[in-house]
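Just so you know, the sequences run in chain order A and B.
Numbering follows the numbering used here, with no gaps: position 77 of the first sequence is 77.
Numbering follows the numbering used here, with no gaps: position 94 of the second sequence is 94.
Be a bit skeptical, because a hint or two may be false.
Claimed, not checked - Straight line, CA to CA, 27 Å or less: simulated BS3-like cross-link-like pairs of lysine-lysine: (1) A:Lys-412 / B:Lys-132; (2) A:Lys-45 / A:Lys-444; (3) A:Lys-286 / B:Lys-47.
Hints in this document: simulated from the structure, not taken from any laboratory.
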Amino acid sequence: MRKRSQNTRTTPPAGPSIIRDYALLPGVPDEMLDASGALRPGWDKLMAAFDALGPAELSARFERADQYLRDAGVFYRKYDGAEGKERAWPLAHIPLLIHEAEWQTISTGLTQRAELLEKIVADIYGDNRLVQEGLLPPELVAQNGEFLRPLVGVKPTSGHFLHFCAFELGRGPDGAWWVLGDRMQAPSGAGFALENRVATTRALSDIYGEMNIQRLAGFFRDFRDHLFAQAKRDGGRVGILTPGQLNETYFEHAYIARYLGLMLLEGEDLVVENGQVMVRTVAGLKPVSVLWRRMDSSFVDPLELRYDSRIGTPGMVEAVRSGSISMINGLGTGILETRALSAFMPRLCEHLLGAGLQLPEIATWWCGQRSERDFVLDNFDNLMLGPAFATTLPFDDLRGTALGSSMTAEQKTLLRQRIAENGRHYVGQEPVQLSTAPVYVDGKLEPRPITLRVFASRTERGWTLMPGGFARVGSTPDTTALAMQRGGQAADVWVVSSSPVEQISLLPQEGDRLVRNSAGSLPSRAADNLIWLGRYAERCEATVRILRAYNARLAELSKPDLPILTHCAAFLDSIDVDASEAMPQGLLVSINSAVHSAGQIRDRFSPDGWLALNDLQKTAQRFATRIQGGDDATRAMTVILRKLAGFSGLVHENMYRFAGWRFLEIGRRLERAIQTARIASALSGDDAPDGSLEMLLEIGDSVMSHRRRYSVTAGTQSAIDLLVLDPLNPRSVLFQLTELRTQLEELPGGIRDGQLSTVAKAALELQTRLIIAEPEAITPEVLENIANEIGMLAGLIAAHYFT
Amino acid sequence: MLYDLRLTLTYDYDAPVHGGRHHIRVAPSSVPGHQRVIASSLSFFPKPQRATSFIDFFGNMVSDVSFVEPHEKFEVRLTARVQVEDHVERSDVSPTMDQLALEVERYWSVQPDSPQHFLAASPRVQLAPDIKDYASAQSAHADTVLGKAMALCLAIHRDFEYDPKATDVETKPAEAFVLKKGVCQDFAHVMIAGLRGLGVPAGYVSGFLRTLPPPGKARLEGADAMHAWVRVWCGTTMGWVEFDPTNAMMAGGDHIAIGHGRDYADVSPIVGVLRTHGSHETRQSVDVIRIE
């Protein structure tokens, strides 16, 4: 970019004291202050408000924003080692303010750009006139890994390849916004932008309310309407296609699915039948007609794209070819992210739209052309050099892109030689300088470089921009764009209007027709995970209750070789729990498994439930490092039991009674029935040592009930009656079977034409056996059989609903 | 020359397969000036629940078959009658390497036959410096593209041992190059990697060889299974010319082409996704009978 001479300000600005020490960087435009040092529109109000709050209150408010993000569990995954770790979202607390007049310029420019990119990609997969007419070098298409040959000649059923795009912008030294890169493959960040907004307004709600800031909800509402409008034609479902929970932005996929009411789908949830994409649900296969794709195109179909993809759906390309599925964005659009394409955009714009680019982009020289190659070699030190076919942004590309002058003599020689021999693989680009915006560091404002990520979506009215987005804020004052490689923070972006803005919510407006989604859309995989979540949570509870009873007696009697203790330890051993460990590994495994199952279905959970479960896991891990057996462990198990109850309560009280809740409930009931039957079997036999029945009643949480109902000391029959056969005791085996039967009948296909499904029948059969049984007939062997048959019922449910 | 082809591909599964989907590329198609398909018929056993077909980017016929019912065996049977033109010796009017670079640069097309698709690394052919150096040394004496391609074709035949046990279908060209052993697929991949390393567009051809040699001639290597060879873009005037490094010859009247692509991955006779726990065994039987 061209440098602009600028006078360095010498006198401190008037106005709010908070900006008094804010030192502009020489020659670098700033978002908050103009060249004369005066506050730009909007910033004056914000800074005056900051001043009024004072440093202590301001810090407290920023902490509130961070607390919100922690509570909401906002994270992203970063891959810097063998395993990706979940990281807290790095919020920069001060929003970036952009006035609506300037926003309008960005909006017009990006609308033009989206239209241009649509024409380019339609040509690449269509008539290929751009190559034939010499406007686009054939190498950039034919030798491009993002050029997906199976999609050549396939027109998207919606008529468009692009529906949702993101752009990375930077403000150059001349004060104008520049396009640094296009994200067209599967752009991420829109969900994080929303969370940024929620977090920032949590801290600054009063200021936000008074400043005429444009709302984001309308943008999402319009895009949701656009997605559903495409689905309406054929009545299929709308889903987000995610690579799964190991993806770096999985949180966002789950968040947006929940926010917009879309199904969160993975490749294995889908199957292509007769050219139609179907989702496996607990009510059978259901058609899907729109997929908002959040995985790279080449992974969606192992049959026609990447053969090694393990996250795809065989036949997906066929479904695209047959026009039965609308992909958002179309398969193959990743080719638009090719870095070398930048070199041709100005000419393509002139050719395709008959006008110049309204927003300029980084000057780029593709070394596949002789004169351009010579230029790059002649100006080597002054250019950013990188791979021509890269689809990453230059400042996200840590290994591949660097400034010529920053290289060692050896690196220079090697790269120069490679460019000379194999020019088509390289580009030279003008190094980008960015503008600065304030961040709050140790009670002071400091300038940091920023880039802006802006989102555009196709709606019924054409392209619209999210009035906001997020800004990436550099970690050092270095304003060369490449310095952004060193990471940083993300700030909310406020588009400031001069007049009051429309208040929009995603809740239905008056006049909207109320549409209820049918309950039959629960994907089988999600249902399977819900069952296992229920089972693991219940398994934890059963284990914790036994451990507590064991440790309480250990503390009281302090003789580990007492028969009741060895007997109990042997039972624990049979379920892979080592009683000699105060916080047994076996219990931690169950807790981790519950968290893992819950992690697969985060779109179906309230953040509260998820946080409760995470809190439980952290507590258990902390205990593992420091508690002792006996008294200490007894108390620890009580804490864990309470946290488990907290989780169950949150789920039970707050989860809508859709099929999802039923599967969770089925998992809990199955596991509780099995665990109760097993422990009752172990503690009620003739060989059970003294004190077994008391222990059984304690583990079954039924000491009080027993006293009230039988007013005698525990006998085998009264204990069995209460814990196995009592229809009113919520911990008895019969109670679980009754609940199971009810839930199974309520599931899709549970009762059809008055006929029970096979699984509901199996539950009824077990339930009936217990209803008519007498306590004396319930021997330990019978209990073992019951536990096994309930285990088989679980297998039957899985076979019926998940395959 | 007129040939009758018979191909049977058999998959025996260890455990019953519950559903599966395959793309099958075994049917020959007509190539103007080289071969003409007179009749072709493809059948599958057991009968798939659904079978459709389409033509892929490089012009290959693809059958898309899906199974829902469990099955323990899958068989593909092809019978076809194909008329093949004999190889005609042409004088070498291919360009020098410098001229070739210019001709490629001026080839403004990404149509399936464009040399532009055949210069970069492709799914199964990575560009390895040692293969490039070998190609460069072996072809140094030749001036033209055709001359260099022939030199490399002969060198591979001379330096590599035909050994079906040394490699398998997944072997990378760089591994086969180190072993100096392999089968037609390996030789073709090594030749392609070498040529692309030099900047010569090169692609992969799958197909059949006549089973019985003409009287007095030796039986060709690889005639009892599907075969593979290489096509090389020898400039705008000559276009694509086919070389068989396994038999040190130009492909001609004995070669019946099925698939064209950048490498094996584009023409692999069967690509499938199965729902099974076991592995499988594959058998192939090929008969190519000359009728006249």
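Here is how each hint holds up against the structure:
no. : hint                  : verdict
1   : A:Lys-412 / B:Lys-132 : holds, 23 Å
2   : A:Lys-45 / A:Lys-444  : holds, 18 Å
3   : A:Lys-286 / B:Lys-47  : holds, 26 Å
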